[in-house]
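J.: Residues per chain are reported as follows:
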Amino acid sequence: MKDERTAKADVLQGTLVLLVLRTLEALGPLHGYGIARRIEQISEELLQLNQGTLYPALLRMEQEGWITSKWGPSEKNRKAKFYSISAGGRKQLTRETRDWERMRSTIDRFLGSIPEALGDEAL
Amino acid sequence: MSWRRVFAARLRGLVFRDRLDTQLDDELRFHLEMQAEDNLRTGMNPSEAHYDAMRRLGGMESVKEEYRESRTFAAVETLLRDVRYAMRTLGQNPGFTAVAVMTLALGIGVNTAVYTVTNAVLFKGFSYIDRNDRILYMTSSEGCCVSYADFEDWRAEAKSFQGMAIVHGVQVTLSDKGGFPQYRYATEVSADTFRLVGREPILGRDFAKSDEMPGAAPVVMLSYGFWETRYTKDPAIVGRTVQINGAPTTVIGVMPPGFIFPQNQDLWVPLVPTPNVLKRANRDTWFVFGRMSGGVTIESARAEMETIGRRLEQAYPLTNKGFPVVVRNFAGFYIGPNAAVIYGSLWGAVGFMLLIACANLANLLLARALSRSRETSVRMALGAGRWRVVRQLLIESIMISALGGFLGWWIAKWGVRSWDLASRPPGYSWFAQVLDYTLDYRVFLYLIAVSAGTGLLFGLAPALRLSKLEVNATLKDGGRGSTGGVRGNRLSALLVVAETALAVILLAGAGVMIRSYLNTYSADIGVQPDKLLTGIPNLSASRYPDATARISFYDRLETRLEAIPGVESAALASSIPLWGAARLSYELDGAPPVDDQSRPTLSALTISPQYFRTLGAAVLSGRDFNDSDGFSAPRVAIVNQRFARRFWPGENPLGKRIRLFSSNTPEAWLTVVGVVSNILQSDIARPELNSLVYLPWRQMAGGDMNVLVRTSVAPGSLRTTFQREVHALDPGLPMFGPFTLIERLQTKYWDKGRYTGLFLIVAAIALLLASVGVYAVIAHSVSRRTQEMGIRLALGAVARDVLSLVFREGMQPVGMGLAIGLAASLAVNRVLKSELVQVSPDDPLTMIATSAVLILSAALGCWIPARRAMRVDPAVALRHD
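Those protein sequence lines, which keep their order, are chains A and B. When you line the first sequence up against the working numbering, it's residues 1 to 123, in that order. When you line the second sequence up against the working numbering, it's residues 1 to 881, in that order.
No wet-lab data here; the hints were simulated from the structure. Hints should not be assumed to be uniformly reliable.
Below, a list of computed lysine-lysine pairs in the DSS-like style, where the Cα atoms sit at most 25 Å apart [what the hints assert, rightly or not]:
| id | chain 1 | residue 1 | chain 2 | residue 2 |
| --- | --- | --- | --- | --- |
| 1 | B | LYS64 | A | LYS79 |
| 2 | A | LYS91 | A | LYS70 |
| 3 | B | LYS64 | A | LYS70 |
| 4 | B | LYS209 | B | LYS279 |
One chain only, chain B, in its complex shape (with noise of 0.2 Å):
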């Protein structure tokens, strides 16, 4: 007990420091007063009365450092006595002072940035929904795609499984209070998925079974901030009735709020098994999670899914071979099997980077120690202890890592924020908010762990060198400092070989990454994007019964388009560059007859005859489509070349003939009239996708259009005629748009182009903290060796010879990082592979220019002090002391 007494007594001891020292002083004067009074009653002089006074106290200094000692924590107050000293010697030097925090805050912010978005994707999970560690996620195949009949047998057979829910993200339009029908995100789900998730509705009631049957009277769930904004939360919305799609559709309930699952949506409706769903051959982006019975592992539970998978392909080899279960976790469906290979990546890069800055701080410390070790030579000769000298450094090197912890703590909020803005695709605002990026305590303590250890870190090697100095030499070197000099110099350089070697890795990987993003985004679409405006008119069945109300309305929405002033030509297109087309299934004049299951697929895409022209493509030979290729004239079709040189290598592929199959049954022949330049439908890197098949719209008229206009203005400012001319022709019409082109390739490339820049950040961040390095060492180097430069000045040296000199003891090292760093980034950048895009991982063109880019800023680093070198005046230097 009697401990915390004492400790808070201590604590009092600390706080009243001053007064008590006072006090103590009064105490003792008082003792020796009454003392040398009573030794004058016994007869003793005066001052033979005072001394032995004082001889029977025992000195008054060593009595009250004992006091002292004993008043408060001994160890705390030569802390702050030390504490003060580091900021007194800080504030001295404040040049140094602001490029060491500033370095650190860098490097520390950007980590614990790193960090929080890495720990919220990879670890937190997603804490919107309860336990989703026992949550699975279910798919057939990578990514695409279950069936529905697939996933009753699932639901029927695994025994894992508490249950089984199945969803599937739809755009439906919904027209209430009788208004413009507007389109809205909703997800299908099956009846049981909110219980599965365990969430309940706070207002009306749940999905029920009887509401997924067919034929059952449309309900929907409206999610809360749906509610509130389109309802300012009344609550006498459940009950009414609403049209989604056309059909009047009754709301049963609201989610509560913050609730989205599995992603952003306003809108829930049931998933109903129509006999078109429950097709085994139907597969579409339908998504199923499962939540595991108690004692379930998500191995076992993977081992029975993947057994029941391959019952089934064995049960339907027509529909299922090739489709086995994919079993991953609930974090699976949001983040993509590559997602810990890029954060992953990303956090080592930022760790990286934070060596580099740590050994820069060391660097400059140790040139600092090296200043400074007459003073600490005087302190060790006049007693200071080893421990003492070494954390006297220590604790300026942390008091440098905490005001850099500081200052990061800002930059991290900064660089989370961004990121969060970043991550929200472009024209998408509406964009699943599912990740937690706050930075609470879990992110603090990072943050502390960091600082202190990058503190340790870089000030423990120039405090250890200088805690072993040779006090009487360097005390008679006259305090230049020179004695440490060989291996103060050689450690300096060792780390300039690290953090260059950093360096090249960094720039490296960002190099690759670089050159892997340009050659997906720019290099290859095959069409000119900039001035092109797109939209999608939703022609619904009721309205549109039939082809030639549909052709009609294009006809006609394509003439108004083309009147507005600032538009060049308009087209329509079954989809988009990179956007993805239509597979279908195919047989080519001549080649061997296949059966039904092994029939190959091609890509097409339906257009309109200005599609070509409006998109800045070329129709290399043949001609293009014309209006009269309608449903009487001869059927056609149109290739790109990589389609021609695939399948018609060497040979010329007008007149050739190629037919296409719905449901097994063969169409008429198409023949090929022309050749046109490639256009990328999706990732370049899947040539078998970009091999394309044209048809005349006129021929095929099946679903709804892109409609693309291209502009001899900016996109942007005709979007508001554009949605005009459509509303002119059909005022209830919902359309998806108009987004520029670039908006919508924007889209499919921003993640991979968010990925690059930040590695770019990261890689520029770090050559900018090696260079800064090369400086340091240099420049203290120099201003060190001010007298010998002087002596060789005067001796006949020219400028050139001291640049040499100079610029030989810089470079050195930089040689040396700089293969290190080479060779290392070889193996390094494989681990990016799986990212990168036609670049080889270790592509020369990258290696020369980080190679470049590298000694350039190098050479900058010596540059400087080596121009102070030269300009050394023989006789100042001579005096210089």
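In isolation and in its complexed conformation, chain A is listed as follows (with noise of 0.2 Å):
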């Protein structure tokens, strides 16, 4: 069990929001558990997501008018509360991916440019 932990990674710090905001874009209003749920499929289970955290940053993210909340009737018709993205949370989406493909080409151009070696050695 610990084990199997350890393989997984956590979610980066600063990521969760980009992918609340990508999950909500792609399937429409959710609840919070149905959110966690998403990241944790899509990425096959290999994100281990502190499904604790998931809420105060859903707040933070309301807060900052990205996300708009509604209660509602869930699947098995009992009281949730489903969140959608709003047209600020679409601008932040675009903002954060955009943000995200320049780090990543970054840390790949990085990862490219130095001789295994060395890293090794740095390491």
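Using the hints, put the two standalone chains together into the complex.
T.: Take a look at the structure:
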């Protein structure tokens, strides 16, 4: 159990917003549990989401105006809070995607430009 | 941009805290249920499914905590918690809370009231005149008096000013609608005065240059208030003719509402420079105002004016020697040269008082903090940070100071209103309301700052003490809190020393002020002032053209007044006690001759024969005047003891001769026929003005006389009768008064009395606070040492031993504070020196009385708890935990 967990990557600091926004953009309104499940499924259970951190994050995103929330009936007709992405959220998603792309290409370039041996030595 | 949205969202979070809490609960429960159901589907058993769901969420409570922190402002939320906690603790101890809040309310309220007044007098300026910071006020020598001829030279020569105006307050008689003439306060002004202060009439026209030409048709300007009350705002008044001093005068305009200049008045009339006014030797209570040109500073204007003044002194040594130009700011006209000292020391005094209140509260809080040290230790042991503990205590003290500030606001309001009422001289309802005493936002900010500052001041010391607790030791100690005892005691004792010292300083200050006031007010006037009524009938030159007519009027009036039941005697005098006397040039028989310029002056009064008897003074040797001391009889005079002692020490003054000069021509020799007891005509501090010569009025009949009546009944009850007798003789005669002599004397001294009274109130409050402080410390110490007292009593100590134990502890810091306070007050009282009359700033009697009062009240503060200590029942005390 312990080994299995260490094999999974923790959600990178700061990427949770990106994941949530992307999820909501793709799937439309979802409740918190749905978002958590979706992130875990998409990553094929490789991303270990500390589900507890999801709710404060949702609150902050709502305060920023990126998402909106509404209480409604769930699949089994239970009361649940559904989140959906707002216009501001779409803008933020574009921004965060662009930032992420830039970061990824930078890291890629960095990894590609440094000789393996030196990289090992540095580690 | 986004911080604003977040801020708004968090603000909502703060308001809907509880609703959001249940919503989060619902959301998380839903999450767990869904997860558990999914887990069941993967084949877990129910308890396993539930546990896994919990594990994945990562702990309900920490999620909630993190959620809450983001939901609203974390600091605000803990603050609210601390405030609720503080309210609970304060509510549990209503006695303590009440004492603390009242102490502070008193301190803050009085301080704010004095700030309001001081601010109005010293800093706020006189807002009813535009840009008065550019207006300067000028006289020759301090206070008095300007010569009109000098003013014309100033105006012509000074480059620093755009313009200069001269004003002169006068009383005029006004009759309109053919009615009974009335006294009115008027100001004679130069024609451009209103332009200088930047105000225009709202009705009619301003004064013009032609109005102040000698021989111009008389005109008058009305104040708005007078126009409103007297003429019910009738616009047709402009152009109408009224009688002023008997002369037909045209009303030319009305000034705007609220406008007065320079002091309260009903009317303005042009100051016409008649040949008499233009004489350079003629100095009167004229005052000059100038508006500075752009770029001119008060210093450069003063320098220029002083140069001009010196030139005039050289050019006209006869009239101008000793009359330098004095330049002051606009407010200087109203507040006098000593205002800064008076108001400054007052402010200092209430500042001290607030410090005493703070020291007291710090002591009370400290005492309480020590008894709560177990609670604090528990909190710290449970992980509360030091800052958290300090903050908790600070919030308590700030809440006390906030409540104190709230009550203090009402005390300040009441205080300022009383001051406002007290600052109008008795009997003069017209007195200028030039000062703005409103409690505006600045006062409010001051109050907030003072409240917050005091809250921090008295809260910080106990809070810091408490936060340094040795947690383990206190917990082991069983919560009696005696661990911090020694240090706590030393700090408490130090505070008692400080507040005792402050109370001593205030008491000593108030003490010398009171002695000074008593010296000026009651001790030595030399008359029996009660049961005297006085008025000044105004005999116009047209109806009473010569001495015979005037003497006849006064003779008949005296007879009529003495016939009133309840009147014992009536008399005439050119002035009344304390209201000054004429200064006349004189020469003593046998003195070496001097030139006209350096001839000395004496103070003289013309009186009727009954004067001394009516006032209650005594003829000590020789004789009183009588009705045969008239024009045809030999010229005589009476001197008072002071005069005799000053000019003929060791000699018999009877038969000595004096002669007076009118415009450098000697008059007939006067022979001294009597010596009377001293009556004060001026401030007791100026003996040269109180060496008096009395002249018989029948030989000197000149201006309007004060008519004085001694009554056997309350003098105020005869006012209308007095008035009726005057009008029975002359129905159209205006009269000043009648007032009781006490009223007129009070008018002279209300100012000093006011300051003294205020000082006394402040000192009394300080004394009260200091004794409460001693009490607080001793009471706390006694209750903490109940067990010890019990043991002592059980081991055979008697009540007296316990008493002396308590007193030793209590009086030791008091004694130290007393010593420090006395030493300090010797220095502090020097500030008051210029205000003191016939009492030294380090007056020993005051110092002794101060010490006695202080020791007595401190002893009382010790006695109450000491009595409790003596009554301790050893059996109960030993069980006491």
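J.: All hints, please: hold or fail.
T.: Outcome of the hint check:
no., hint, verdict
1, B/LYS64 with A/LYS79, "holds, 19 Å"
2, A/LYS91 with A/LYS70, "holds, 21 Å"
3, B/LYS64 with A/LYS70, "holds, 20 Å"
4, B/LYS209 with B/LYS279, "holds, 21 Å"
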